[in-house]
Amino acid sequence: MGSTVATERSKILLVDDDQDFLEVYWEVLKTLPSGPAIHTASTGARALALLESEPFDLLIVDLNMPKMDGLQVIAIARRKYPQLKIVVWTCIADEQFRARAYGMGVEQYWQKPGSDQERQHLLDSVESMLQRDVKGGFRGVQSKSLVDLIQLECLSQNSTTLKISNGPYSGKIWIQSGELIDAEAEDQKGESAFRKILGWKTGSFEMMSGDEERPRAIFSSYQALLLEIAQEMDEGAAAHGDGLRMSLDAPSPLMGLTRFNGVQFVLSVGPEPRCEMKSWGLETPDHVSEWAHQSLKAFASLGDKLQVGQLQQITGMSPVNHVALAECRKGELCVGFRSTLRSDEVRETMRNILAKWST
Amino acid sequence: MRFFKRRNTAKLPKLPSGAFALDRDGKVVVSTLPQSFPEAQMRDIGERVLAFFRGAQLAQMPQQELNVYYPSLKLTARSLRGGALIFLSPQTLPKN
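Quick note, the sequences are listed as chains A and B, same order.
Count along the first sequence from 1, then add 16; that gives the number in the numbering used here.
Count along the second sequence from 1, then add 19; that gives the number in the numbering used here.
FYI, nobody ran anything at the bench for these hints, they're computed from the structure.
Since the structure is predicted, the reported quantities are computational estimates derived from the model, not experimental observations.
Heads up, some of the hints might be wrong.
Some chain A residues judged to face chain B by a derived CB distance under 10 Å, without partners named [stated by the list, open to error]:
#, residue
1, Met271
2, Thr274
3, Leu327
Straight line, CA to CA, 20 Å or less: simulated SDA-like cross-link-like pairs of lysine to any residue [claimed, not checked]:
#, chain 1, residue 1, chain 2, residue 2
4, A, Lys313, B, Lys33
5, B, Lys33, A, Asp320
6, B, Lys93, A, Gln328
7, A, Lys321, B, Glu58
8, B, Lys46, B, Gln110
9, A, Lys205, A, Arg232
10, A, Lys346, A, Lys321
11, A, Lys313, B, Asp63
12, B, Lys30, A, Gln328
13, A, Lys179, A, Gly130
14, B, Lys33, A, Gln127
15, A, Lys321, B, Leu34
16, A, Lys321, B, Gln110
17, A, Lys83, B, Pro32
18, A, Lys321, B, Glu66
19, B, Lys93, A, Cys107
20, A, Lys346, A, Asp302
21, A, Lys346, A, Ser186
22, B, Lys30, A, Cys107
23, B, Lys30, A, Cys344
Ideal placement from N, C-alpha and C gives every residue a C-beta, glycine not left out.
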C-alpha cells in the first residue's frame with residue numbers, strides 16, 4: 017500500500033491494526049471530494065513516527081490495538097500536536113471509552129460503520145472536517161456576538177452545529193436548514209440550554225457539520241427567542257446595574273471574584289515564567305500557593321497517566337473551610353469557601369469563578 | 020470489500036471502579052478494585068493523595084476530603100488517621 021501525495025491537499029493518517037480495514041478505508045477515503053492524501057499505520061508506534069516526520073491535518077485512530085492502544089496514541093498526539101484533529105473509529109460502544117476519548121480532546125468518536133448510511137455519514141463528517149481547514153473562511157470574528165452568528169447562519173438557511181466554549185463551559189447549538197432546532201449546555205438541553213449559552217459574554221466558537229438526525233427540541237422561532245432573551249438580559253443588567261458597576265470598579269480583578277457566594281479567599285498565580293502571585297484574604301499565601309501548585313501538578317500528571325483527560329478541578333473539604341484549585345491559561349487559581357457550602361456548590365461556584373476569571 | 024465493522028479481539032483496559040485504603044506509609048491495606056488494576060498504580064495515586072492532605076496541613080489549611088475531577092474519572096479521598104480511603108468512579112458523558 018502506498019500513499020497519495022500532493023501539495024495543498026489535506027493529509028489524513030489512518031491507524032488500525034487490522035490490515036484489511038486499512039486497505040478498504042484507504043481506498044474509500046481517497047474518493048472524498050477534497051481528494052486528501054491518505055497515509056496508514058498499523059501500530060501506534062508507527063503512527064507516532066509518521067506524525068513526527070511530517071504534518072497531518074487529521075488523525076483517525078482505532079482504540080483497540082496491541083502494545084500501544086489508541087488512547088495512548090491520542091494522549092501523545094494531543095500533547096505534541098495540539099492543532100491536529102483527532103477522530104476515533106472503533107468497534108467499542110462503551111460509554112466510558114467515549115467519555116475518555118472526548119476528555120482527551122478528540123473531535124469525534126465514531127463506531128465503525130455498520131451500514132452504507134453510517135459509512136456515508138462518517139465520510140461526510142470527515143470531509144466536513146477537512147473542508148473547515150481548506151475553506152477556512154475568516155477566523156476570529158471578534159466583533160460579532162453570538163446573536164449575530166446565529167442570525168447569520170439562520171438567514172443563510174444553513175445546517176450547522178455551533179460548538180461554543182466559554183472558559184470551562186462548553187455548549188452546542190444545532191441549526192437545521194436555517195431553523196434553530198436544539199441546544200445543549202452542561203446538563204441543560206433545548207431552550208434552557210440556548211438561554212444559558214446566550215448569557216455567556218465571551219468565548220470561542222467552532223462550526224461543525226449539521227446533524228440531520230438531531231431531533232427537534234426547540235419549537236420557537238429563532239427571532240422570537242433571540243428577542244425574548246435580549247429583553248431579559250437588558251432587564252437583568254438594569255436590575256443589577258449597581259452590583260455590576262461595583263464589580264467592575266473593584267481595585268483588582270481578583271477582588272471581583274470574591275463577590276461569588278461563600279468565597280473567603282482567592283489566590284492566583286500567573287503562568288510561567290513570571291508566576292506572578294496575587295492574593296486576597298489569605299495570611300500565608302506563599303505556603304498555600306506552593307501546596308496548590310504541587311497538588312495541581314501531581315493530579316494533572318495523574319490524569320495523563322490514567323488517560324482520563326485533562327484535570328478539571330480539585331476540591332478539598334473540611335469543617336473549617338473548603339478549598340478549590342484549578343488551572344487555566346491565565347495560570348493557577350486557589351479559592352477558599354465557607355464550610356457551609358456543599359461539595360457540589362463548591363464545584364459549581366468554582367466553575368463560574370473560572371469562567372469569569374478566564375474572560 | 021469489508022466496509023463494515025468487525026469484532027475486535029484485543030481487550031482495552033477499562034478504568035477501575037472501586038475503593039482502596041492506604042496506611043500512613045502509603046501501603047495498600049485493602050482494596051475492592053479488580054486484580055487487573057496494578058498495585059503500583061494504587062500506590063502512585065495514594066502518594067499524590069497523601070501529599071495533598073499533608074501539604075494542606077503544612078499550609079495551615081487541613082482538609083478531610085479530597086475530590087479530583089477529570090472528564091472521565093472522579094477520584095474521592097478521605098483522610099484517615101494519616102492514611103486515606105480512596106474511591107475511583109469512572110464518569111460517562113450525559114445522555115442526549
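Hint check:
1. Proximity of Met271 (chain A) to chain B is violated relative to the hint, the smallest CB-CB distance being about 21 Å (cut-off 10 Å).
2. Using the Cβ-Cβ criterion of 10 Å, the hint placing Thr274 (chain A) at the interface with chain B is not satisfied: the shortest such distance is roughly 17 Å.
3. For Leu327 (chain A), the suggested interface contact is upheld, since its CB lies about 6 Å from the closest CB of chain B, less than 10 Å.
4. Annotation: proposed proximity of Lys313 (chain A) to Lys33 (chain B) is violated, straight-line Cα distance about 24 Å (limit 20 Å).
5. The hinted pair formed by Lys33 (chain B) and Asp320 (chain A) meets the criterion: a straight-line CA distance of about 15 Å does not exceed 20 Å.
6. Taking the CA atoms of Lys93 (chain B) and Gln328 (chain A), the gap is about 10 Å. The hint holds against a cut of 20 Å.
7. Taking the CA atoms of Lys321 (chain A) and Glu58 (chain B), the gap is about 14 Å. The hint holds against a cut of 20 Å.
8. For a cut-off of 20 Å, the pair hint linking Lys46 (chain B) to Gln110 (chain B) is broken: about 27 Å separates their Cα positions.
9. Our distance criterion of 20 Å between C-alpha atoms is met by Lys205 (chain A) and Arg232 (chain A), whose separation comes to about 11 Å.
10. Straight-line distance between C-alpha atoms of Lys346 (chain A) and Lys321 (chain A) comes to about 24 Å, which puts the hinted pair past the 20 Å bound.
11. About 14 Å separates the Cα atoms of Lys313 (chain A) and Asp63 (chain B), which keeps this hinted pair within 20 Å; it holds.
12. Of the pairs offered as hints, the one joining Lys30 (chain B) and Gln328 (chain A) is violated, with about 28 Å between alpha carbons and a cut-off of 20 Å exceeded.
13. Taking the CA atoms of Lys179 (chain A) and Gly130 (chain A), the gap is about 27 Å. The hint is violated against a cut of 20 Å.
14. For the given pair, Lys33 (chain B) sits about 17 Å from Gln127 (chain A) by alpha-carbon distance, which is consistent with the 20 Å threshold.
15. In summary, the hint linking Lys321 (chain A) to Leu34 (chain B) is supported, as the alpha carbons are separated by about 12 Å, within the 20 Å threshold.
16. Taken as a hint, the Lys321 (chain A) and Gln110 (chain B) pair is honoured in the structure, with Cα atoms around 17 Å apart against an allowance of 20 Å.
17. Our distance criterion of 20 Å between C-alpha atoms is met by Lys83 (chain A) and Pro32 (chain B), whose separation comes to about 12 Å.
18. Between the alpha carbons of Lys321 (chain A) and Glu66 (chain B) the distance comes to roughly 14 Å, so the proposed pair stays at or under 20 Å and holds.
19. Restraint check: the Cα-Cα separation between Lys93 (chain B) and Cys107 (chain A) comes to about 25 Å, which exceeds 20 Å; the hinted pair is violated.
20. Proposed proximity of Lys346 (chain A) and Asp302 (chain A) is supported: the alpha carbons are some 19 Å apart, at most 20 Å.
21. For the given pair, Lys346 (chain A) sits about 18 Å from Ser186 (chain A) by alpha-carbon distance, which is consistent with the 20 Å threshold.
22. With a C-alpha separation of about 11 Å, the suggested pair Lys30 (chain B) and Cys107 (chain A) falls inside the 20 Å cut-off, and the hint holds.
23. The straight-line distance between the Cα atoms of Lys30 (chain B) and Cys344 (chain A) is roughly 35 Å, outside the 20 Å bound, and the hint therefore fails.
Figure legend: structure checked against the earlier numbered hints; hints not met, in rising order: 1, 2, 4, 8, 10, 12, 13, 19, 23.
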